[in-house]
Amino acid sequence: MSKLSGLGGRLYRGETSIEIIGRRRRWYAVSAVFVLLSLGALSIQGLHLGIEFKGGSSFTVTKVGASVEDARAAVASAGVPGEAIVQTVGSDKVRVQTGALNTLQNNAVQDALAAKFSVPVESIDTQIVGPSWGKEITRKALYGLFGFLIFVMLYLAMAFEPKMAVAAIAAVVHDVFITVGIYALVGFDVTPATVIGFLTILGYSLYDTVVVFDKIRENTRTITATSKSTYSQATNLAVNQTIVRSINTSIIALLPVGSILFVGAGLLGAGTLKDLSLALFIGLAVGTYSSIFIAPPVLAQLREREPAMRALAKRVNGRGAPAGVTTPAPAHSNERRGPRNQPKRKHRK
Amino acid sequence: MSTTTKPVKTTARPARSLAILALVLITLTGLAFIQSATAVRLGLDLRGGTSVTLQPRIAPGENGKVTNEAIDQAVSIIRQRVNSLGVAESEVAAQGSGTNRQIVISVPGDTGRRVVELVGQTAELRFRQVLATAASTGAADPAATPATGVSAEVNAKFAALDCTKAENLQGSGSDAPGDTIVACDRAGGAKYILAPAEVLGRQISKASAGLDAQSGSAWYVSLTFNGEGTAAFGAITSRVTSLAPPLNQVAIVLDGLVVSAPRINEAIPSGSAQITGSFTQLEAQDLANVLKYGALPLAFDRGEVQQVSPTLGADQLNAGLLAGGLGLGLVLLYSLLYYRGLGLVTVGSLAIAGSLVYLLFLLLGKWIGFTLTLAGIAGAIVAIGVTADSFIIYFERIRDEVREGRSLRTAVETGWSRARRTILVADFVSIIAAVLLYFFAVGGVRGFAFTLGLTTLVDLVVVFAFTKPIVTILAKMNFFASGHPLSGLSAKSTGTLPVAGEA
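One line per chain: the protein sequences are P and U, in this order.
With this note's numbering applied, the first sequence covers 1 to 349.
With this note's numbering applied, the second sequence covers 350 to 852.
So here's chain P without its partners, still in its complex pose (with noise of 0.2 Å):
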């Protein structure tokens, strides 16, 4: 553990350094092969919705030594139309869904499925979706995402610099591609939990993210009138002063959901606690990669665009400083650089 805060001093300093700006190239190709993969398994497999967006009924018997076949039996005797999709779930239940079914159509099946293990009505736990609701849904998870969306990349761009809600929202987009890209890929159900999981990874891959970016505008205010380093430079120290944060907050975040995922997947067998916890644990460890890899990447090079940006850089490669983009800051420019030196805080004490 001491090690891990020891590096973070190092890199605090600047005395070891991890390219991250330079070699933005390779992340950006790195992050391109997932966003193919992921188009790829969208467009050849498509998600794997469950019945709340279909429509649908589930029903779930607990009964120890339940089995499929039984199921699969009970549910053909009520005469249901279409493929009923069987399954066990945890140690002592078995699960059927069926296709949208009138009420009556629900009713046989509960009788059906009670008779067979002779367990109570009352007992079988049972959802019942109506085709137009999952519509419904659907419809309502879109506007959610694109309000967080234009709501964050508002309030970021008021909040920071433009150009930074535009590289954050980049990220966030990046990782809701590469999320639902595991998702079908693997043929993980799709159920409103999981939506709301990714609607929350959003959140929390913004707040990576705003933690880097506040480093970086802290790094780079004063940065053309020292001329010590380039925008890119300044950028890459303060991704690397913040990296131990980064990963401490992230594991922090991971270790509660990963004891909803391990108990929900786990104990509980399926269900929102599932769904919920597996889309936030992909969707965390994508958006800690974002918030470090392609965030800040992205930002610099909108940054170095500018006109006083590359008049900076031609500035401090001129001098003879380390020379390159893609070269970290030496160890010694980070004093000048250093809060303590900023004109502001002279006056403090």
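If you are wondering where the hints come from, they were derived from the structure by calculation, not from laboratory data.
Think of the CB as a built atom: it goes at the ideal place given N, C-alpha and C, for glycine as much as any other residue.
Take the hints with a grain of salt, since some may be wrong.
As the list claims (entries may be wrong) - Rough simulated footprint, nothing fancy, chain U against chain P, three-plus residues with beta-carbon under 8 Å:
1) 115 to 127
2) 141 to 150
3) 187 to 200
4) 207 to 220
5) 247 to 258
What the hints assert, rightly or not - Among chain U residues calculated to face chain P with C-beta under 8 Å, some are:
6) G652
7) Y687
8) D749
Unchecked claim - Pair ranges (Cβ atoms, derived):
9) U:N827 - P:A225: 39 to 47 Å
10) U:T387 - P:E19: 32 to 40 Å
11) P:G187 - U:Q444: 29 to 37 Å
12) P:R72 - U:E438: 32 to 40 Å
13) U:L670 - P:V121: 46 to 54 Å
14) P:G46 - U:N432: 40 to 48 Å
15) P:G65 - U:Q384: 46 to 54 Å
16) P:A225 - U:I822: 54 to 62 Å
17) U:A700 - P:Q87: 36 to 44 Å
18) U:A562 - P:M153: 54 to 62 Å
19) P:G65 - U:T387: 34 to 42 Å
20) P:D111 - U:G527: 25 to 33 Å
Got chain P sorted already, so can you dock chain U onto it with the hints?
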């Protein structure tokens, strides 16, 4: 940082912040006791029960819009029916806004199928001729004069009907239009035998309450029928108006209960009628509303039905609590291992945040009917991470400041002035997410959003009123200030040369 005020000045009063926080905690605890809110209200997915989400739409062949008034009317009709099951803590509420509202019915326990069948039927307002009436005194009244032209069976039912009993006043939705029925007055003061329905609610085109211009104090209700209704109403009024009381009364029946039973003074062939009587303004408006919306030109799509058995509910609750305990334990363990002494601050802060959230759950259950669902528990567990993240941002900032060569006492303040902004921005993003989820989502998702938003707010309170003041106080202690190996601020863990205790 542009927003930074002189941070050293803000150091001043850690004790005051802590005192305020303690006061808030004590007040909330006191309130919980006074309001006898001793248990968090659990959602149906945690204790078993049935929830039905209905989506209103215009019934086939009807015109008009799904108005808020129509939905409110539907909610009150369905509530009457659900109450007839006699299950405590049943709830019927409208969710969402505008044209996109749903009605959510939640009934705890094992009632499953009955609820689904009960709420699925559409209530309709009907006009029926009164065949017999009696005051309902409470005890069954076997001596009641049997009404003529009515079967013995109905007469027996009429005699046995006790309208003072609550269960008879809750509407059944089982009043088939073609039957001769017995029914109670909505207020429970009278009972009736009623002939088959002759005019239906949907044949009313307009209803409104008005004030008699001459007397200036007598309220009346006027109603207008459509073409079909005009003919039907004309027929029934011209037939009964000359009959002896009570046969000359026409009862207005909604969902099996008599709303009003005006005497017909004359045949009304014109299709527009007035109901007069000693109405107050409120009574007149209520009656007009019933006439207007009681017809319920709404049909309902059964959006979602969820039946959770109490066994599964208990399983889910246990799983949620277990996941919470496990997650909390891991976060605490990690904080202690990584931040050592500072980790204790995390433990304390999470404990305070936990108590605040718990108290708010208790009180909000009382105040706004907040119920904790499985998704809500998940939201709270996820929030453990968000909350702990704020502490990490602050602690890492302190370490950064120490690396810059500041003394701990200074670092705690300068680090705070910067961490504060980061925490505010990050938490604000979380809150945006929670608010949007809450407004866009339906059902369980809302529970998640609500707890996520609530806990994020609590996080802000705890960071400002507890974590920061405590760290300020601790920074004055030698154990931390001298960079003890276990303090989490040693030279080794910050990766700096040892710093002096004082600047």
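Going down the list of hints, with the structure as the test:
no.	hint	result
1	115 to 127	holds (count 7)
2	141 to 150	holds (count 5)
3	187 to 200	holds (count 6)
4	207 to 220	holds (count 5)
5	247 to 258	holds (count 10)
6	G652	holds (4 Å)
7	Y687	holds (5 Å)
8	D749	holds (6 Å)
9	U:N827 - P:A225: 39 to 47 Å	holds (41 Å)
10	U:T387 - P:E19: 32 to 40 Å	violated (58 Å)
11	P:G187 - U:Q444: 29 to 37 Å	holds (32 Å)
12	P:R72 - U:E438: 32 to 40 Å	holds (38 Å)
13	U:L670 - P:V121: 46 to 54 Å	violated (29 Å)
14	P:G46 - U:N432: 40 to 48 Å	holds (45 Å)
15	P:G65 - U:Q384: 46 to 54 Å	holds (47 Å)
16	P:A225 - U:I822: 54 to 62 Å	violated (38 Å)
17	U:A700 - P:Q87: 36 to 44 Å	holds (41 Å)
18	U:A562 - P:M153: 54 to 62 Å	holds (59 Å)
19	P:G65 - U:T387: 34 to 42 Å	holds (40 Å)
20	P:D111 - U:G527: 25 to 33 Å	holds (30 Å)
Checked against the numbered hints given earlier, the structure breaks hints 10, 13, 16 and satisfies all the rest.
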